[in-house]
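**Student:** Let the sequences and hints guide you as you build the complete structure.
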Amino acid sequence: MAAPKPIQEVLLSPAVAILQKAVRQLPAACQQLGTLQILEAAATTVAGFDYDWYKEAAGVRENTIVDVKVFSGALLRELKSVAVPLPLALAALARPPYGNAERRSKGAYFTDFRLARYLAEPLAGGPEGRSIMDPSCGTGTLLVAAVQASSEAEPRKVDSILAECVFGFDLSGDAIRGAMSALCSMARSRSVVPALREHLNEADAFETSGPKREFDVVIGNPPWERLKLSRHEYLTGEGADRHYGEDYEHLDHADLMANRDELRRYGRSVGGQFVHQGRGERDLYKLFLELAIKLTKAGGLTLFLVPAGLIRSQGTQALREFLFRNCSEIDFTVLDNHARFFEIDTRFKFLAMRARTANGHATTPLNLMFAKGEKDRIGVQRAVAIERNVLRAVRPDLTLPEVRTRAEWELFTRITRNGVRLGSAEGPWQPNIVREVDMTQDRKFFERAAGEGRLPVIEGRMVHQFEFNAKGYESGTGRRAMWRAVSAARRGALRPQFWYPAAQLSASVGERVRMDRYGFCDITGQTNERSLLASRIPHGTVCGNKVPTIVFCRELGWSALGDCWLAIANSFCFDWMLRRVVTTTVNFFLLLDLAMPPMDPKAKPGRQLAKLAERISAVSAQANSAIDAWQVGHWRAEIEVEVAEAYSLSFGDLRLILEDFRLLDRSQPAIRGEVRSTVTRDLALLRVADVLGGCPASEHTKLAARVEEARRLGATPYVPPRGALPGI
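Okay, so the sequence shown: first residue is 1 according to my numbering, each after it adds one.
Be aware that one or more of the hints could be misleading.
[What the hints assert, rightly or not] Subject to a maximum C-alpha distance of 25 Å in a straight line, what follows is the list of computed DSS-like cross-link-like pairs (lysine-lysine):
#1 LYS69 x LYS80
#2 LYS69 x LYS21
#3 LYS80 x LYS5
#4 LYS349 x LYS375
#5 LYS69 x LYS157
#6 LYS372 x LYS349
#7 LYS21 x LYS5
#8 LYS21 x LYS55
#9 LYS297 x LYS212
#10 LYS372 x LYS5
#11 LYS21 x LYS80
#12 LYS55 x LYS69
#13 LYS375 x LYS5
#14 LYS375 x LYS80
#15 LYS294 x LYS212
#16 LYS157 x LYS80
#17 LYS5 x LYS349
[Claimed, not checked] DEER-style ranges, computed between Cβ atoms:
#18 PHE589 x GLU198: 43 to 51 Å
#19 ALA407 x GLY48: 53 to 61 Å
#20 ARG156 x GLU214: 24 to 32 Å
#21 ARG213 x GLN25: 44 to 52 Å
Keep in mind the hints are simulated off the structure, nothing from the lab.
For every residue, glycine included, the Cβ atom is placed at its ideal position computed from N, Cα and C.
**Tutor:** Below you can see the structure in the form of structure tokens.
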């Protein structure tokens, strides 16, 4: 899937065309220099400075190599009609044209103007003289936004803010030069230029030449990369056009290892001063965030853009503890890339974080906000206060559930407090989860055809709820592979992409694959039709790493206990809980930390759930089953009833839960006058109302009529969309 072009890039494309025209006759090595000279000339024109004077004051010594007067004039005329404010546009246009590998090594990551303005909003109307630091400032986008917000009430003070309050570090001298010209475009006094020259530094903020003082505000959008170089990243950084899943041809292993060793050395050299990074590989954003908190004065603000992993990942627990302990006020704004801030998948989620360092014991609630990017701004849509003591009680690792309303937060806490963690050593489940073969590390053993001693490989895209064979392989490789949903007539006919030699399995995995067990697809999303897809996995197959397999109480084989888990895992209640904490992967620690209903799986409710899961699984594995699809739908609705009752949920609770599943029934015919079918929702609510009550008589009558009308029109509940699908 191609990443979308960022909106800011689209808005500035005519300006980019002017710059490209200006430098296209220059040698490639000189084109960025020509671009910077034009931008500096444009900035000095806006500020009212003489260009030659600015060059000397800014320490620029080279000869001018382009017609800066002509092209800067054309550029400024173009930028008058662009929605991006001019200083922010100049900062964006100064970005060096790095490739992936060089961008990683230099930490050159760029910020959309809407995000910059939103992040800097808290600085509006604040006290005078606040010092502002960006330890990875790039071309100055966030510093520009911070100055604009700080001077919004009194524009006449912009010069004093620029000269006395703005500080930045970056590894790239060209980026620092771009930041200086963008900031100077807002100035009116010549004294700003030498001051900025002193305060903007081409240096590594982690090393001894880094900042030596504390600041009132530390703002940043640090690199979101790990200090680790994969083979795929290395090849794309070298200019290879490839996608995940392709073979690693033409790989210079020696150069790859040299690059990896360099990153390891750097990680060791800077990591010793940071003690809240957790285990595993070092993430640059985690290092920068810990640095930022340490650089912020007591009572000051840290304003950062960070991945959602800060509030989700097991590896960020130590950093969360540090953050919660040192900050009296914390706001997290959850955003996604649908507004095309970055050249990444539109579903990618990230955070705008505002934290005020503590003067004492921090007890104030956290604010969890949800915002949406618009054409020229970011608008907050919802906000929920999360009490710190309650969060610690229900999430001891301080992972923050993505609850959008007070009602959702109360439901989440109630389920968690009433339930038993799946991974609890005292609980009835005692799960054992294993990744059987790795689709990358074990790639050399994979075969494209069946043969003696080869086991079919079950991949994540093949697994759906109660189905291990929901899709069959058609053609292609990697993300370009094509898969087709398996029809009822072809159930049981496994069509994998790969086979794996049983002789190459470890002894423990070899024993495991000879037995029946359970599995789930660990690639998911909060807004997918369903987030948890679990099924029985038959013996004689082996699962790729995206389908971890699970057994309970260390008993291999399908059992009442395992089938009970399978029913609960595929219920809306459990799925809703998962959607509150998951990003794109069902990590083991996330799954094991979720609350299961407080029930004895061997007692009557558990046995009933197991029986229903067994029936549904049997139908899903049979070709041309005689069981009517509506009967399966009723069985699945009965699971919803049993699970809701076990969690002590009401009709209203399930109605709230089902609001989260907006992609259900896309392939089903809708009731006349409606855009989309709601047959699954209506049937589940009807059955819960029948058994648990709590539904007004008028609503019950309406639900019953809707279910009957949907059935008459040919709709079927719990049926996912079918058709040819890419391997995503």
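**Student:** Each hint should be assessed against the structure and marked as holding or not.
**Tutor:** Comparing the hints with the structure gives:
| no. | hint | in the structure |
| --- | --- | --- |
| 1 | LYS69 x LYS80 | 17 Å, holds |
| 2 | LYS69 x LYS21 | 14 Å, holds |
| 3 | LYS80 x LYS5 | 22 Å, holds |
| 4 | LYS349 x LYS375 | 18 Å, holds |
| 5 | LYS69 x LYS157 | 29 Å, violated |
| 6 | LYS372 x LYS349 | 11 Å, holds |
| 7 | LYS21 x LYS5 | 21 Å, holds |
| 8 | LYS21 x LYS55 | 23 Å, holds |
| 9 | LYS297 x LYS212 | 12 Å, holds |
| 10 | LYS372 x LYS5 | 18 Å, holds |
| 11 | LYS21 x LYS80 | 19 Å, holds |
| 12 | LYS55 x LYS69 | 14 Å, holds |
| 13 | LYS375 x LYS5 | 14 Å, holds |
| 14 | LYS375 x LYS80 | 17 Å, holds |
| 15 | LYS294 x LYS212 | 11 Å, holds |
| 16 | LYS157 x LYS80 | 24 Å, holds |
| 17 | LYS5 x LYS349 | 17 Å, holds |
| 18 | PHE589 x GLU198: 43 to 51 Å | 47 Å, holds |
| 19 | ALA407 x GLY48: 53 to 61 Å | 56 Å, holds |
| 20 | ARG156 x GLU214: 24 to 32 Å | 28 Å, holds |
| 21 | ARG213 x GLN25: 44 to 52 Å | 46 Å, holds |
When held up to the earlier numbered hints, the structure conflicts with hint 5 and nothing else.
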